[in-house]
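Enquirer: Now for the letters of each chain:
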Amino acid sequence: MALDRKIAYIDLTTGDVTIKPIPLDVRKKFLGGRGLDAYLLLNHSKKGCNPLGSANPLIVSGGILTATCASATARTHIMAKSPLTGLLGSANMGGFFAPEMAWAGFHHLVIKGKAKKPSYLFIKNGTIEIRDAENIWGMTTTDTQWAIQEELNDQEIKSLVIGPAGENLVTFANVMTGIKNAGGRTGMGAVMGSKNLKAIACRGTMDIKIAHPVDALEYNKRFIDQITSAKVNKTQGTLGTPMIWGATNSWGGVRTRNFQYNQCEYADDIEPEAIDEICEETIGPYHMAGCFGCQVHCRAQYRIPSGPLKGNYDEGPEYTSQGAFGAEPDTPRAETVLAGNHLVDQYGIDNLEIGSLISWAMELYEEGIITNKDTDGLDLSFGNDEALLEMVERICYRKGKVADALAQGGIQASKIFGKNSFDYLIQVKGMSNLHSDERATPALALNVATASRGSDHLRSRPAIDLYHLPEKVLHKIYGNPVEYKGKLSSEHTEYVGKAWQVFWQENCYMGVDCLGICKYHTTFLGATLPNFEDWPKVLYYNTGLEFTPEELWDISERCNMLERLFNIREGLTRDDLEKGDMLNHRYFDEPCRRGAPDVVGMKIDKKRFIKMIDEFYEHKGLDKKGNPKPETLKRLEIANEPSHML
Amino acid sequence: METKDKVLMINPEKCTGCRLCELVCAVKHDGASNPSRSRIRVIKWEMDGVYIPMACQQCQDAPCMGVCPAGAISRNDELNVIEVDHDKCIGCRSCVAICPFGAMGFNSIDRKVFKCDLCDGDPQCVRFCEVQAVEYVDADDVAILKKQDAAAKLHATSNKVALKSA
Chain A
1 MALDRKIAYI DLTTGDVTIK PIPLDVRKKF LGGRGLDAYL LLNHSKKGCN
51 PLGSANPLIV SGGILTATCA SATARTHIMA KSPLTGLLGS ANMGGFFAPE
101 MAWAGFHHLV IKGKAKKPSY LFIKNGTIEI RDAENIWGMT TTDTQWAIQE
151 ELNDQEIKSL VIGPAGENLV TFANVMTGIK NAGGRTGMGA VMGSKNLKAI
201 ACRGTMDIKI AHPVDALEYN KRFIDQITSA KVNKTQGTLG TPMIWGATNS
251 WGGVRTRNFQ YNQCEYADDI EPEAIDEICE ETIGPYHMAG CFGCQVHCRA
301 QYRIPSGPLK GNYDEGPEYT SQGAFGAEPD TPRAETVLAG NHLVDQYGID
351 NLEIGSLISW AMELYEEGII TNKDTDGLDL SFGNDEALLE MVERICYRKG
401 KVADALAQGG IQASKIFGKN SFDYLIQVKG MSNLHSDERA TPALALNVAT
451 ASRGSDHLRS RPAIDLYHLP EKVLHKIYGN PVEYKGKLSS EHTEYVGKAW
501 QVFWQENCYM GVDCLGICKY HTTFLGATLP NFEDWPKVLY YNTGLEFTPE
551 ELWDISERCN MLERLFNIRE GLTRDDLEKG DMLNHRYFDE PCRRGAPDVV
601 GMKIDKKRFI KMIDEFYEHK GLDKKGNPKP ETLKRLEIAN EPSHML
Chain B
1001 METKDKVLMI NPEKCTGCRL CELVCAVKHD GASNPSRSRI RVIKWEMDGV
1051 YIPMACQQCQ DAPCMGVCPA GAISRNDELN VIEVDHDKCI GCRSCVAICP
1101 FGAMGFNSID RKVFKCDLCD GDPQCVRFCE VQAVEYVDAD DVAILKKQDA
1151 AAKLHATSNK VALKSA
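Order-wise, the sequence lines are chains A and B.
Heads up, the first sequence is in my numbering, so the first residue is 1 and it goes up one at a time.
Heads up, the second sequence is in my numbering, so the first residue is 1001 and it goes up one at a time.
You may find that some hints are simply not true.
Unchecked claim - Pairs of lysine-lysine residues, derived as PhoX-like cross-links and limited to a Cα-Cα distance of at most 25 Å, are as follows:
1) B:Lys1112 to A:Lys124
2) A:Lys234 to B:Lys1153
3) A:Lys625 to A:Lys606
4) B:Lys1146 to B:Lys1014
5) A:Lys634 to A:Lys606
6) A:Lys231 to B:Lys1014
7) A:Lys234 to B:Lys1014
8) A:Lys310 to B:Lys1112
9) B:Lys1112 to A:Lys209
10) A:Lys221 to B:Lys1014
11) B:Lys1146 to A:Lys310
12) A:Lys310 to B:Lys1160
13) A:Lys472 to A:Lys231
14) A:Lys606 to A:Lys234
It is worth saying that the hints were derived from the structure and are not from the lab.
With the sequences and hints as input, model every part of the structure.
Expert: Here it is in structure tokens:
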């Protein structure tokens, strides 16, 4: 049964492993996945702990529905204090790892300490072994996985690994699984590297009993039909996330040349259809792959069609790689995007962060803030494909002054580069923004400014705000499961009601992250997809636990507040440009120069933006400074955290 | 019965590797999620992006049936399915050893062999496979369907060539 999956505490310093059940009252309060991770992080870390020190707990989990008979429960969640931001570190990825961990008997791992030498964990049917990883240290992410399978003589083993970037403690290194499934953002790979932990390998053949199997099966069929009938998901299953690229770039929502423009010109070569053609030519007509149990199958398969890396197999490229290796550095060429995507997968590094930081360095190079001398002669001009790919390697291996500075993250690098380099850095809480440009979309700007893991689009983005849905429809979506009496606007350039939408989405995304379901299966890109109203059934049929939609909303709100509490403990203050809920000045000062008529000239109105943050805080039950009001913590039943139930 | 003489037709090219078939197979038969209980398994070549679902072929001259010392395995001609009679089965696993497709499994929790029973005519792997990598078709039709697929490829290729030389 899902509810009998265990939690394991692993001390890499001593080699001690303790296995405990997860009590039902803990489940009822935090469900599992990201929500329970947040509880564990708050309880098992001390204020101010060094993110790359042995006391920082690395938490790995699956959701409460992982590997049950619910659709797309493939997500693995990873949490620790972030070496990139000094705040909440949190990563979420698809693939097959979390289900395998669940079949091996575990839902949560809390890994503390530091191994004396490179090691990996092998988890099989309730047992955990710490094994020597000296032979695989230094390997790429995929080589590591195949080497472990070979060493243990079992092809069914699924591993979560780090590549060279994590070993070299690059502050935005990923954990990875499969070919391209990436636990990106906030540098969880570096935390693993700091523990001398190269991989976690899992193999499980233990039953997860389904509480009501017949109902679960039938409901899953309905759930899947709902998912696959949405046109957005069908398109995604044909083109992958690049489908978003075409639309976003054409209306002017893709930041280009770091932040100089909001639209990438001459980008035909990386339009979704062009990428799709390469996939078709190099793989064949059927070139989409899916994560565990998922019918969206959004991972495009390809081989690099030309250039030095020709013939290499990979998956993606995601929308983020089109930005990171196309628009931001102004190198909109398919070969570059596909090669860049391949390098980040192999080295295990955050594509979005590395592309953003290199593009930032390119602007600094243009401004003369860093020079040829700093780059050891590398011409870091915008549009230089070779320099871009060279920088990826240099950063992952920390070669040279500029690359080593960037490997420490944007804020630290700005202190090394000096002058006014910080002004050009497009970040929130020390993490680079997605390559999307939110100057014409206040709701999305509020989302990146207030997201719990630093600038991020997967924590509270009301993406459907761009669809101009009728207000009636918006009220139907955003008025459930709790009533919203305020105004909502169909206009993406408006400020009215957006704070509520961001608050609602924050809870919705926390919900799916606790369940372990992919965001493409909820109100993210598709307005008609399942959310709070639908989750109680899927939870009941699979686990037997009964919740109302309102109760699930409360759990989401509670878990979001735990993340907020962690961030506040580690130094978040409202207006702090390095650790607060605030955007770079360029959002307020520089108008959009390209795009659709209602986008050109747009910038964020700072006064209205600040008012929007006030509203957002009010919805969350925070005071004007962004700290939770005592009554909020009481209402959410977390007034006495950390409470050490686990 | 209308399901008579239908077979699973697997097209690995279409498979996205999601393994939903494994999940629903185990839930349908055993009420538990556990791929090792699934009658169908997806074997992968990750670095080539190739995924091949493997299932029982319901052979005409089934090696499992021939090798069974207890006479526990028989062919049900009405459903075109090879069945195991667990009352007769002695659990020697000879059938597991001899099957050329690895389609006969042994479950170490229940300590029983298990195989595909086509869900009595409504195979769940087929029902849930939205990309139709696994289909349930008349045995007579498999060849013509494959011919149509191959012909479509030829057609597409000749179109491409024609476009290029135009």
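Enquirer: Tell me the hint numbers this structure goes against, listed in increasing order.
Expert: Hints 5, 8, 11 and 14 are the ones this structure does not satisfy, whereas the remaining hints hold.
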